[in-house]
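Using the hints, put the two standalone chains together into the complex.
So the sequence lines, in the order shown, correspond to chains P and G.
For what it's worth, our numbering labels the leading residue of the first sequence as 1, then goes sequentially.
For what it's worth, our numbering labels the leading residue of the second sequence as 1, then goes sequentially.
Some clues are possibly wrong.
Stated by the list, open to error - So the derived label-pair ranges between C-beta atoms look like this: (1) Gly-9/P with Asn-154/G: 44 to 50 Å; (2) Asn-84/G with Gly-62/P: 47 to 53 Å; (3) Leu-134/G with Cys-31/P: 46 to 52 Å; (4) Asp-108/G with Ile-49/P: 28 to 34 Å; (5) Ala-4/G with Lys-38/P: 31 to 37 Å; (6) Gln-10/P with Tyr-114/G: 23 to 29 Å.
It is worth saying that the hints were derived from the structure and are not from the lab.
Beta carbons are placed, not taken as given, at the ideal position from N, Cα and C, and that holds for glycine.
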Amino acid sequence: MSEIHVRCGQCGHTMVKPSSMAGGMFNCDDCGALIELKGAADSALYWGIVIAIALVLFAVAGGAMTFGNVPMAMGAIALALLIVLIFALAG
Amino acid sequence: MGDAVYDRNEYLLRRKFWSFLGQKFYIYDAREQLVGFVYQKAFKLKEDIRVYRTEAMKEELLIIKARKIIDFSAAYDVVDALNNEKVGALRRKGFTSAFFKDSWEILDNNDDVYGTLEEDSAFLSLVRRHLFALLPQTFTVKSGGLHVATFRQNWNIFIPKLMVSFHGGPEEIDRRIGLAAAVLISAIEGRQG
Numbered sequence: 001m002s003e004i005h006v007r008c009g010q011c012g013h014t015m016v017k018p019s020s021m022a023g024g025m026f027n028c029d030d031c032g033a034l035i036e037l038k039g040a041a042d043s044a045l046y047w048g049i050v051i052a053i054a055l056v057l058f059a060v061a062g063g064a065m066t067f068g069n070v071p072m073a074m075g076a077i078a079l080a081l082l083i084v085l086i087f088a089l090a091g
Numbered sequence: 001m002g003d004a005v006y007d008r009n010e011y012l013l014r015r016k017f018w019s020f021l022g023q024k025f026y027i028y029d030a031r032e033q034l035v036g037f038v039y040q041k042a043f044k045l046k047e048d049i050r051v052y053r054t055e056a057m058k059e060e061l062l063i064i065k066a067r068k069i070i071d072f073s074a075a076y077d078v079v080d081a082l083n084n085e086k087v088g089a090l091r092r093k094g095f096t097s098a099f100f101k102d103s104w105e106i107l108d109n110n111d112d113v114y115g116t117l118e119e120d121s122a123f124l125s126l127v128r129r130h131l132f133a134l135l136p137q138t139f140t141v142k143s144g145g146l147h148v149a150t151f152r153q154n155w156n157i158f159i160p161k162l163m164v165s166f167h168g169g170p171e172e173i174d175r176r177i178g179l180a181a182a183v184l185i186s187a188i189e190g191r192q193g
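Next comes chain G alone, as it looks inside the complex (with noise of 0.2 Å):
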């Protein structure tokens, strides 16, 4: 992995509350200090997010884009943007999320499945989904069986955040994926709300 960004354990996802075109994220670590900053363009029928260094967004951290326009169960690419390495993808488990709860499938280089990233209560998505759609999630990402990170959301309507846990282990989940499948949630998974 290489980079400092990605040494953490803790990581928080913050939405900017004022952002005039496209979605905008903070990402910083423990100690609140800003690690990373997200964009989401805004008119991309294909949906086209990057991580940057700082607000600046003079230094791609990382792209994440959908491999297609119309697409029940997305598909997103998850390239390194410091050395043009593809890390991964993750696919929405469209049937699944848009009835039950939301489900997501972590994949290899090859699109071969390695892990999964669920919501953790299906009573409590079926809340969320017909009741009252505030209701924090929670979501759990397990590779090769084990539980390697947690997402959970908080109830603040107006700045939505995100707190990730990653679970040290030997088979720790490359962070850069990890943290792509955290801001997949917080952008593409908040608009269903």
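Excised from the complex, chain P in its bound form (with noise of 0.2 Å):
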């Protein structure tokens, strides 16, 4: 099982924990202050989903545009904005 190394950011105790842990919570070993783990590798997909939606959208939009649909080109930019509005505040 891989490890993520830990720096307690009230003590500055150094902590070894499962890579499992990742995007969890935990008390320092030392000071038993409570750290949250970031979870990058989940953060890159959520992000890399919600960009590819968008992109998508953006394709459809330049689509519209080449044979001259303006509102649909609106309502693809419209809507590829609000997804990523929506995420963002969700995330």
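Have a look at this one:
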């Protein structure tokens, strides 16, 4: 099992924790402070999906523009921006 | 543990019938006195469930938070909000829960498994999954091989309830993680029916 090295922001104590704890919480072994770990891979996947959806919608908008369908292009752009905004707030 | 909320052996979780945003549950003791109020925030991609002392939601008792947004075998950390102490974690066994019967692992602070939470009957579980979703479930909680608690759902489809019974004994499970498990069963598993 891979491990992650964590440094307590309060007392500076360094700990080794299983990588399964990424994104979770635990107490510092030394001072007991509650530490929240970031889940980097998870965030990357999340934002990857959001950006991919936005790009698809922008591509639809580009296609619509090419064929002169301005309302559809505007709608796709608005939807793309709305999705990114909703996901940014929810994430 | 300390707080009087965790002194009881019997609890009842009842879902609030009308809730505009997010799921809400009441936690009662055996004398039907309100001892906690659960609120699961809506529109949170990373599950975040809080247990409060009252419906006013001024004092947090427990924080139950998923580690990841997308996770087949989701793990939830349980933190005592009164003293910021992590009391453990609960991890759903994704494959078994999806196809066979609901199964969870109870983890200590180093993610080592020390207990399990499982749906009682594999047969009833399959019937529930494929034929009749409203069939109530019964869960058995084991710690160190001993049966330490039982969760029983009721038949009411409008106001689902979960009866929680902790059984005494030397290997008694921490009530905080036990209650967190009951909350997760009500909030997370409830959505799968």
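Taking the hints in turn, this is what the structure says about them:
no. : hint                                : in the structure
1   : Gly-9/P with Asn-154/G: 44 to 50 Å  : 45 Å, holds
2   : Asn-84/G with Gly-62/P: 47 to 53 Å  : 50 Å, holds
3   : Leu-134/G with Cys-31/P: 46 to 52 Å : 49 Å, holds
4   : Asp-108/G with Ile-49/P: 28 to 34 Å : 33 Å, holds
5   : Ala-4/G with Lys-38/P: 31 to 37 Å   : 36 Å, holds
6   : Gln-10/P with Tyr-114/G: 23 to 29 Å : 28 Å, holds
Every hint from the earlier list agrees with this structure, and none is contradicted.
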